[in-house]
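Read top to bottom, the protein sequences are chains A and B.
Counting in numbering that gives the first Met the number 0, the first sequence tops out at residue 100, every number present.
Counting in numbering that gives the first Met the number 0, the second sequence tops out at residue 201, every number present.
Please note that a few of the clues may not be correct.
Some chain B residues close to chain A (C-beta under 10 Å, calculated; not the full set) [said to hold, decoys possible]: (1) E64; (2) F141; (3) L177.
Calculated from the structure, these hints are not laboratory results.
We put the beta carbon where it would ideally sit given N, CA and C, even for glycine.
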Amino acid sequence: MTLVTLLMVAAALIGIGLYGAFSQQSFVMLMMGLELILNGAMFAAVSFWALTGGGVPEGQLLTIIVMAVMAIEMAMGFALVVSVYRAKQADMTEALDGLKH
Amino acid sequence: MSAVDITFYINAAIAIYAGWRVFVTDSMVRASFFLLISFLAVGVIMLLLAAIYLGVALFFMMAVEMMVMALFMVMFMMNPAGLNPMKMVHQEKVAIGVGLVAFLALSAAALFGQYPVRPVPEGLEPVVSLGHELLGDSMLVFESAGVTLLATMIAVVMLTSHRGRYGEANHGSRPPGLEPGGDPADKPSESEEEGGHHHHHH
């Protein structure tokens, strides 16, 4: 369980999340990609805290703040999905083309 | 290999496999359950790394968040039970490329970076030190997070309420006329083209 192994697992989670955020057409699946990215980032923060930070409390604080940001982002994202659906009956990203070139 | 290492490898494999299966499965509710499994595996690894509060907080927060996501899946997606095969992707090659580039760049930073070795000290109580930090030196961060959550709640209720600024949602976003019973006081909007392939009218 070295630092390199932990960080590579976190990098894999971030890579999969980026793939999902870029490729999914449905809003909810896009947000699941974002959740995976934040999962990887939190995991990397905790592994840095445990193995190179010496247990300094700011490491855990960063992870708690990222968890709060995750909750905020999910709430705002779903509120926007609901209001976009009400305005335009759109449940896929391809359906929003008002600003498309 | 100690039991800690075996547990770590098993949970790391579960986390990555479940993260990949989120985007490959047909059933949408199972996609959110796979994401939950990925989060739980990462939480177990956090417990192994002595971040006790963070691991348990991940367990209960992610359980509730993934249930909320499953609810929104059923609301907004047309194939929640997975009865038809489904793959709704766009720009897939770009997405795979971006994911691979990110993974390789971050792994290179992990492999070739020079990180000091400072393990967690022996007598550290992580929950106590986190509590002292949150309610002591970083109280401003803690309280700002609370106020931000409150602002988010207000914004979410505003965005999703059925009532516009001047009345019911269908009529409530246009201001009342300058004379009683007259035309609304703002410019009339062009009729927008209907977006999307799915016409759910209610």
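Okay, the hints, checked on the actual structure:
Residue-level restraint check for E64(B) holds (minimum Cβ-Cβ distance to chain A is 6 Å; threshold 10 Å). Annotation: F141(B) was flagged as interfacial toward chain A, and the flag holds, the nearest CB pair being 8 Å apart, inside 10 Å. The criterion of a C-beta within 10 Å of any C-beta in chain A is not met by L177(B), whose closest approach is roughly 26 Å, and the hint is violated.
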